[in-house]
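Undergrad: Read top to bottom, the protein sequences are chains A and B.
Positions 0 to 250 (numbering that gives the first Met the number 0) are the ones given, in order, by the first sequence.
Positions 0 to 151 (numbering that gives the first Met the number 0) are the ones given, in order, by the second sequence.
Rather than coming from a laboratory, the hints here were simulated on the basis of the structure.
You can trust all of the hints, since none of them are fake.
Short derived list, chain B residues pointing at chain A, Cβ under 10 Å: (1) ARG7; (2) THR19; (3) ASP126.
Counterexamples of contact, computed for chain B against chain A with all Cβ distances above 12 Å: (4) LEU45; (5) VAL67; (6) ALA91; (7) ASN113; (8) GLY114; (9) GLN141.
All residues carry an ideal CB built from backbone N, CA and C; glycine is no exception.
Next come the chains, spelled out residue by residue.
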Amino acid sequence: MSATSIFEFANPVRFERIAARAFPLALIAALVSAAIGLYFALFNSPADYQQGETVRIMYVHVPAAWMALFCYSAMAVSSAAGFIWKHPLADVAAKESAPIGAAFTFLALFTGSLWGKPMWGAWWAWDARLTSVLILFFLYLGYMALWRAVPDKTRAAKLAAILAIVGFVNIPIIKFSVDWWNSLHQPASILRADGPSVHPAMLTPLFLLIGAYSFAYIALLLSAMRNELIARRLARYELASGEAPARVVER
Amino acid sequence: MTKKKNQRLVFFGGIFLAATAAVALTLFALRGSITYFYTPSELIALAETPSSPIRLGGLVSTGSVEYVIAETGDVVSFTIEDGSADIRVNFAGLLPDLFREGQGVIVQGRMTGNGVMTADNVLAKHDENYMPKEVADALKEQGVWQDEESGS
Numbered sequence: 000m001s002a003t004s005i006f007e008f009a010n011p012v013r014f015e016r017i018a019a020r021a022f023p024l025a026l027i028a029a030l031v032s033a034a035i036g037l038y039f040a041l042f043n044s045p046a047d048y049q050q051g052e053t054v055r056i057m058y059v060h061v062p063a064a065w066m067a068l069f070c071y072s073a074m075a076v077s078s079a080a081g082f083i084w085k086h087p088l089a090d091v092a093a094k095e096s097a098p099i100g101a102a103f104t105f106l107a108l109f110t111g112s113l114w115g116k117p118m119w120g121a122w123w124a125w126d127a128r129l130t131s132v133l134i135l136f137f138l139y140l141g142y143m144a145l146w147r148a149v150p151d152k153t154r155a156a157k158l159a160a161i162l163a164i165v166g167f168v169n170i171p172i173i174k175f176s177v178d179w180w181n182s183l184h185q186p187a188s189i190l191r192a193d194g195p196s197v198h199p200a201m202l203t204p205l206f207l208l209i210g211a212y213s214f215a216y217i218a219l220l221l222s223a224m225r226n227e228l229i230a231r232r233l234a235r236y237e238l239a240s241g242e243a244p245a246r247v248v249e250r
Numbered sequence: 000m001t002k003k004k005n006q007r008l009v010f011f012g013g014i015f016l017a018a019t020a021a022v023a024l025t026l027f028a029l030r031g032s033i034t035y036f037y038t039p040s041e042l043i044a045l046a047e048t049p050s051s052p053i054r055l056g057g058l059v060s061t062g063s064v065e066y067v068i069a070e071t072g073d074v075v076s077f078t079i080e081d082g083s084a085d086i087r088v089n090f091a092g093l094l095p096d097l098f099r100e101g102q103g104v105i106v107q108g109r110m111t112g113n114g115v116m117t118a119d120n121v122l123a124k125h126d127e128n129y130m131p132k133e134v135a136d137a138l139k140e141q142g143v144w145q146d147e148e149s150g151s
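Model the full structure from these sequences, guided by the hints.
TA: What follows is the structure, given as structure tokens:
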């Protein structure tokens, strides 16, 4: 295959060199933006006129929900690249995005529940937004289970990619669920036609924490991908040198 | 090589399109059940008043909230409107903190024969606006406050 600029990164050796340098930078960026963001979220932003102090849950909830969608989208795109163009790194990126996305989804569901009880008067409601996000969580778990269930990595990658692309249908449903159906969950506040309906003083901590979550995703993904590449190389090495590859713990 | 790649591209894209079509048809068929609540005008427009429990959502009409202290406990009665229709609701139980006149709420309960709803649960619906109290007060003072939710 002819090497165009973006395919250069698909070389695992070059990837590992870049990832080793990018990981600490992403980690530092995540920690710094989280520290500043949480300071604004907890101490230096106004209480809401209706929700009072409960509004601060939003600063943890909204970035988690966004990342839940983003990680799945990244997983679907990587899966497509792995399935169609057989990039060696794309399948690894898709596989390692899943547990991170599942964690963000759980955080969004959990913090949403904590907010729902005092504001709506219910921990949970089977409305379109909440239900579609719960389905997203199960899609992540199913995707992770599929990787573990199929021993042959090449075959597992193919099957998991198909599951990922089928589940990708859910992403626009989650985004537009609040517009298509009457739902208990409020409509979009940030990405909407006539600009954000959130006061600027509340947007500062929100955007800082969205940055923190994004950098955390990059840092976690890079280190998880490095681990996976090393584990695979170790397995190949032990296979070649005649040792039983059983010592490599299946993740 | 290129031919195989194209086959995989078509196969993968085909799966996505098929899944999208299947889900779209399913959601279209279920559109009535996915809706979390009826608005008063939707409920009135129904050919037959449902006898099973339903959810009704809208704004609490200004000046419509009445508290009746009965021997069985506190009973509250209010009207839910959506701009073109309204329905009276009776409820005995705890109201959420955000419940007040002009607020969006969703009530769960049954329609009684005379077009009144008896609710066994009231949920407050929060809108998409977030602002500090001072800003909300200033907007109200300037008369640019919009308390009405649109349509649904």
